[in-house]
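Note that the protein sequences, when read in sequence, are chains Y and F.
Counting in the working numbering, the first sequence runs from 1 upward without gaps.
Counting in the working numbering, the second sequence runs from 1001 upward without gaps.
Everything labelled a hint here was simulated from the structure, so no lab data went into it.
Beta carbons are placed, not taken as given, at the ideal position from N, Cα and C, and that holds for glycine.
Worth double-checking, as some hints may not be accurate.
[Claimed, not checked] Cross-link-like lysine-lysine pairs, in silico, DSS-like; alpha carbons within 27 Å at most:
(1) F:1284 x F:1154
(2) F:1153 x Y:7
(3) F:1002 x F:1292
(4) F:1442 x Y:7
(5) F:1154 x Y:7
(6) F:1215 x F:1284
(7) Y:7 x F:1085
(8) F:1215 x F:1154
(9) Y:7 x Y:45
[Stated by the list, open to error] Computed list of chain Y residues with no C-beta within reach of chain F, every gap over 12 Å:
(10) 11
(11) 54
(12) 92
(13) 94
(14) 98
(15) 104
(16) 105
(17) 147
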Amino acid sequence: MREVMTKSMTRNIFYGGSLFFLIIFLGLSVHSHLYILNTSTDADKLTDSVVAGKRIWEDHACVNCHTILGEGAYFAPEVANVMERWGVQNDHEAAFETLKGWMEAQPTGVEGRRQMPRFDLTDEQIRNLADFLIWTGNINSQGWPPNEAG
Amino acid sequence: MKYQSQKIALAYFSVAMALFLVQVSGGLLAGWIYVSPNTLSDLVPFNIIRMLHTNSLIVWLLLGFFGAAYFLIPEEAEREIYSEKLAYLQLAILIIGTLGVVVTYLFNLFEGNWLLGKEGREFLEQPKWVKAGIVVAALIFLYNVTMTVLQGKKTAITNILLLGLWGLALLFLFSFYNPGNLALDKMYWWYVVHLWVEGVWELIMASILAYLMLKLTGVDREIVEKWLYVIVATALFSGILGTGHHYYWIGTPAYWQWIGSIFSSLEVIPFFAMMAFAFVMVWKGRRDHPNKAALLWSLGCATLAFFGAGVWGFMHTLHGVNFFTHGTQITAAHGHLAFYGAYVCLNLAVFSYAMPILRNRDPYNQVLNMASFWLMSSGMVFMTFVLTFAGTIQTHLQRVLGDYFMDVQDQLALFYWMRFGAGAVVVLGAILFVYAISVPRKEIIEPGEVSEAPAG
């Protein structure tokens, strides 16, 4: 390497090349941003209730047990397809009822089972959360997860 | 210690080591909840413990980086740090923020409050006021070290280190952007998470490693710095577009499956180069540096980073594989060894090198310190193996056969017991490390007579 390259050559390759890849990345980011807004998610259905549901999801740090689209902790089940698993995807009323039943049965207190805390959400909040999970289930995630188990 | 202001690093390293102990204890507790799930479930649920585990990791690594910068920049720039006062102010802000985070998480204060409540996106859970504090602290830091370097000698090591630290601070600004659209949220969330650990942190890692090699092996600076530029070039050429391996299944376009697969496969190269660099420098170097513990940590860092970040990362990065392994224990296995090898070992190498100098002693206590390396590293490697096995079984049962999550988890119990055991060994190693760095005043083994090589 001593004969082939000098230090200033390697430095210039580093700065020039990094800038080149950064520009490509930013270009693809702009395209991906627009793709998300126009193609893979449904902007019309992104209601106030869905956004409120997302905040509830965040305020209770749900992602530190569950995964959502595969990201999060690996302690509790995937939730991006939970409404599909429960057979209530896109049925807002049934999704609300099922989620409410689930949330209010926690914690089960069964010995040797992982415990989900009780969050004492209002009906309004559970409705928001259900809408958020339905909306998430409709994101075009390129076919992931492989099956209903998540 | 050549420059008085290097002393700042002592305070940073001490706080970092205290948080390191908090981090591994939190991890051990989380590992215990996996095998005994009712533990603390009413008082401190799993999600809170995991936040403490991951957040304290990030904060102590950052404190270590800041401390390392305050330690090496005066020597590289050949002048004192611009302002010691600002450096301590920065540390105070970070400590207050950390305490605020711990209290907010543990007692679940201000839930839902936009300024004071936790924000609840993975790793970026800190309340907004703490995030703002982090930005202020980072600005103070960058002002301080940039002024030092601008007025002093500029070397490749400080250039790359500063570039990495500036990138770190600028990318953190994306943590304030949290759109209601989950897919968009995730896309920019990775700007912080991926472009940190597989981008600018690698610049910081490579430059600190280069500094350690320069000091420990005595190899010519020209050679070290040429290697450094080659390593960071391969890091960013692969790492920037390698972000694509997180854009497979979150609502981003399908072309990321190819871009992500190709470029993230190349992310092995910088880690291989760092490992080759470290071993070649030690082999070439003629200096017999007395601080063997720092050398062991440096070589261990380069090697385990190659396996954890490089090999274990490659294992599940191709989109055809990742379709099945995404979000299983495979990810957890990779995450643990990658963070340990690349960033934990690097920081512990710096502490091992710098602490004796900062405290004006001989490099006490080598034997204990090296024992702690083998304890921690073997514990972490074993943990990685058992999580990999657990993840393989999980992938097959859950993603191929379609068994439900909790049914599969019940079948992994044996692996979680072994993971807990491995975690206990890591915690013991961590305690031993902190003890070896801070307490003993006498070497266990007295230096013996150097025997002459037999003639002939």
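Hint numbers the structure violates, sorted upward?
4, 7, 9, 10, 11 and 17
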